[in-house]
Amino acid sequence: MKYDHRKQEKKWQKFWEKQQVFRVEDDSEKPKFYCLDMFPYPSGKGLHIGHPRGYTATDVVSHYKRMNGFNVLHPMGWDAFGLPAENYAIKTGTHPRETVVKNVKHFKNQLKSIGLGYDWSREINTTDPDYFKWTQWIFLQMFKKGLAYEDELPINWCPSCKTGLANEEVVKGRCERCDSEVKKKDIRQWVLKITDYADRLLEDLEDLDWPEPIKEMQRNWIGRSEGAKINFKLKETEGEIEVFTTRPDTIFGATFMVLAPEHDLTQEIVSGSLEAENKKEIEKYVKKAHKKSDLERTELSKEKSGVEVKGLKAINPISGEEIPVWIADYVLGYYGYGAIMSVPAHDERDYEMAKKYGLEIRAVIEAEELPFKAEGKVINSNDFNGLSTKLMKEKIIEKLEKIDAGERATNYKLRDWIFSRQRYWGEPIPLIHCDGCGTVPVPEEDLPVTLPEVEKYEPTGTGESPLATIVSWVNVDCPRCGMEAKRETNTMPQWAGSCWYYLRYIDPENEKQLVDPEKEKSFMPVDLYVGGAEHAVLHLLYSRFWHKFLYDLDVASTKEPFKKLKNQGLIMAKDGTKMSKSKGNVVSPDEIVEQYGADVLRLYEMFVGGFEDEVPWDEEGVVGMRRFLEKVWGLKEKVVEKEPDEDLRGLLHRTIRKVTEDIESFKFNTAISSLMILSNEMKSKDKISMEAFTKFLKLLAPFAPHISEELWQKHNDGSVLRSDWPEFDEKLAKKKKVTLVVQVNGKLRDKFEVERGIKKEEAIKLAKKREKVKKGIEGEDIKKEIFVEDKLVNFVT
RNA sequence: GCCGCGGUGCCGGAACUUGGUAUACGGGGCGGACUUAAAAUCCGCUGGGGUUUUACUCCGUGUGGGUUCGAUUCCCACCCGCGGCACCA
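This note's numbering runs 17 ahead of the 1-based position in the first sequence.
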C-alpha cells in the first residue's frame, strides 16, 4: 500500500505539539544548543520556496542535537515592521496591524505544514508593544550614553519610499528596497554612533565561525586604514588643511592639495570669508558638484575635474615647499578630512588629475613606470633618500609628531548609522523635544511609546513622518519640567527590531527586564545562525553593533551574538534564472506539500545541492525523493524481530558514521545519498533486522520526520525525535574486504578483492600473478614497487 | 580595477579536508517485464572515441605548463561564469 502523506503528516504534527516534543527547558541538566533562523518578514505573498531551505537545515540540526542529548532552543518569530504592510495600508486603508496578524497566521500555518519543530511557546513579534518596549529601551540607553545623536547632514533620500536611508541600504546608488535612484536631501536625522564600535566590530570578526565572504564584506565595509593625519598650513593667511594619508612616506611627492566641494574651506571661499582670485569660477564648480547625486559622481568618474583656488598656497610641513590648492569632486567630503595631499607619481587618481591640468608629477619612490603604487626605495626626499618606504613612513610620522604638524591616525569607511525613518509603521523614537530642556528621553516607566491611530498612512514626503500630523499624540508635557513639549515623530528603521530579537526568545514573557541575566547566560551565544547572505552588511552588522552595546551594559554576557553562521544558497527557477511572478515560474511550497508531502519538500531542498550553493528547482527531481520514501515505506514488510544480518551491519555503521559527520558539517545532500544507498541495500534483502531498521529510521528522522515517526511508532513508544541518536562502531564500519587497484606507471591495469590489512609482499605477489598486469610488466625492468595499504599497488618500469 | 566563490556525464551534483578505482546518489534517456493500453512499479544499460566487437585499447574533471611513480585534488600562468566592493586618499 502506498504511503499516504496527507493523512500521516497532519497526525504526527498534532502528536508532536501535544507531546511538546520541541519544548526547550529553562532549567536543564543537559548542555544547551541554541539553533536560530533569521526570522521572516511576514509578507502577504506567503512563504517563498527558498524559506524552507534554511528552516529545514536548522530543523535537521535541532533534531540531531536533541537526539544527541542537548537541550535545544529552536524558536521562531516575526520581523513585522516595514514598508509592505504600510504601503498596503495606504492603498486599502487596512491598518498594518491587521495585515500583520493575518499574514503571521498564514505563515505560521505554512511553517507547521512543513513539520518544522519550533518551540512556539517562545514566539515573538517585533510589532508587539511588549516587544518593542525593549527596542525603545535600548535606544534610550544609547541616547543616554551619547551614542544616538541628532544631525542635519545631506543624507540618502529615497523619493519613492519617501524616507531617509542608511548607507548600508543604498546599493549602487539605488534604494535597496525599491531600486529608485537615491537623492541627497538635508533633513534632521537621528544617527547611531556605530563608528565608536568600528575597531571591535572588525577585530572580533576573527574568532567567529562565519563564512569567509561575509567576514570579508564586513571588513571591507568597516574599511580600516592606517596612516597619518598631516596639517598643511596656509600661506599668508590663518588656517590649515588637515589631510589623512596612508602614504606619509610620499610626502615629498605632494605637488598640490585637493579639497572636496563640501570642505569647510571651500565653503569659506564660496561665502567670501576666504579670498580667492577666481571666486566666481569656484562657486560655479561647487554648485555643479553639489547637484550631482552620489551615483552621478561615481558614474562620471572616468574623467577628473577640478578648479584651482588661485592665490591660495599650502605649505608642506616637512619640506617647507609651497604648493597650489585645488577643489575637485573626486575627493569625498565624508571620508577622512575631506581633503588630500595629492601625490600624482604614486596614486592613480592624483596622476589622472595632474595629467589633465598639467600639474607637476614628481617621483619619490624608485619606479620604472608612473604611477607607481607599491613599496620601494625613497628618492627625491632630501635627507630621507635611500630609505625603504616602510621605514620612511615611521620616520615621517616621528618627525610630524615632533614638530606638531601631524600624528599617526586610523580612518574608516564605515559611517554612522542613519537611524530615523519618516514613515508610520515602525517603532516610535522615544524622545520628547522641549524648548526649555532640549531633547528629553521618555521615562522608562512610560515605555512603550505606542503608535497613534492615524487616518492617513501616507508619508508627507517633506521629511516629516505622518505621525507629525497627529497633534493629540505629538503634544505632551515635558517629563522634566512639565511644560508643553513635542514628541519625536520619526520612527526606527526596519532593522531595529531584529538587532536583538535572539535575546528575547530566551525570556519572551519578562515584563521587568529585556532578558533575565541567568537565563541569558544559560542560552547565549546562538550556536548556529542560518539565513540569507543578503544581510551581510545590514542586519548582521547592525545586530553585532547592538549586541556589543548590550554587552557593555551587562545585559548580554557574550561579546558576539552568533557563534556560527551559515548562509543558504538561493533557489532559482529550473533554467537558473531568478523565480519571478512575471515569468510565471514561481514554485509555492504549499503545492509541493500538498502533492508530494512535507517530507519530500524537506528532502528535496536538502538533497538538491550544496547548502550554500545556488541551485535550480527541478520538479522532476522532486519525484525522486517521493520514490525514495515509497521504497522506505515498503521496507516495513521485511522487518523481522530477530535476524543477525551480518552483511548489512557494516554498511549500517558506515551510514551512521557518514550521516553523523555530514550533519555536523552541513553536507545534507550526501547524508541523504548515503541513506538512499542503505535503503537500496535493505530493499535487496529478504529480511531486515528490527535493530537495523530502527537505526535507519533514527537517521532518517531529522530529514523526513513524518514517515520516520509513522514507521517508528509501529514498534516503539514516544517520538523518534526524542530517541537517542545511534552510535557507530568503527570496527564494524570497516570493510573486511577491500578492492586493491593495480597500476603500471600510474595507469590502472587491474583490480581485485583482498582481505583488509594485507601486507605489501603478499599484495605484490598477488598483483604480479594477474594476467592484465603481466602483460604490462612483461619484459620490463621494474624499478619501483609502490604499495598503499588497502588501496593500491603501482609498478614503475 | 580590487576582493571572494566557482568551472566535473544529457541535467542537479559526488570524490578535493588527507594526491591513489573520476562521475557516488538523484533526475532524464534507452531497452525489457507487467498491462487490452497508458500511467505507476520493477529489472538492465547509459562519459567519448577506436577496433580484429564483447574483450581490449586510447582519450576524458575550463586552457596551458609544473611537481609526483601517480593530479579532479598541490603549485604557476591564463580563460570563462557568478557574487560583493568600487574615486575610501
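Just so you know, these hints were derived from the structure itself, not from any lab.
Glycine included, every Cβ here is placed at the ideal spot set by N, Cα and C.
A hint or two may mislead.
[Claimed, not checked] No more than 20 Å apart at the CA atoms, straight line, and that leaves these computed lysine to aspartate or glutamate pairs for DMTMM-like:
1) Lys752 <-> Glu772
2) Lys764 <-> Asp798
3) Lys129 <-> Glu34
4) Lys24 <-> Glu797
5) Lys47 <-> Glu377
6) Lys782 <-> Glu797
7) Lys702 <-> Glu678
8) Lys330 <-> Glu377
[What the hints assert, rightly or not] Label-pair ranges, simulated between beta-carbon atoms:
9) Gly190 <-> Glu526: 38 to 48 Å
10) Lys700 <-> Val755: 22 to 32 Å
11) Glu386 <-> Tyr352: 50 to 60 Å
12) Ser597 <-> Gly375: 31 to 41 Å
13) Lys35 <-> Val755: 48 to 58 Å
Status of the hints after comparison with the structure:
no.	hint	result
1	Lys752 <-> Glu772	9 Å, holds
2	Lys764 <-> Asp798	17 Å, holds
3	Lys129 <-> Glu34	10 Å, holds
4	Lys24 <-> Glu797	70 Å, violated
5	Lys47 <-> Glu377	72 Å, violated
6	Lys782 <-> Glu797	16 Å, holds
7	Lys702 <-> Glu678	27 Å, violated
8	Lys330 <-> Glu377	15 Å, holds
9	Gly190 <-> Glu526: 38 to 48 Å	45 Å, holds
10	Lys700 <-> Val755: 22 to 32 Å	25 Å, holds
11	Glu386 <-> Tyr352: 50 to 60 Å	28 Å, violated
12	Ser597 <-> Gly375: 31 to 41 Å	52 Å, violated
13	Lys35 <-> Val755: 48 to 58 Å	50 Å, holds
The structure fails hints 4, 5, 7, 11 and 12 (numbered hints given earlier, in ascending order).
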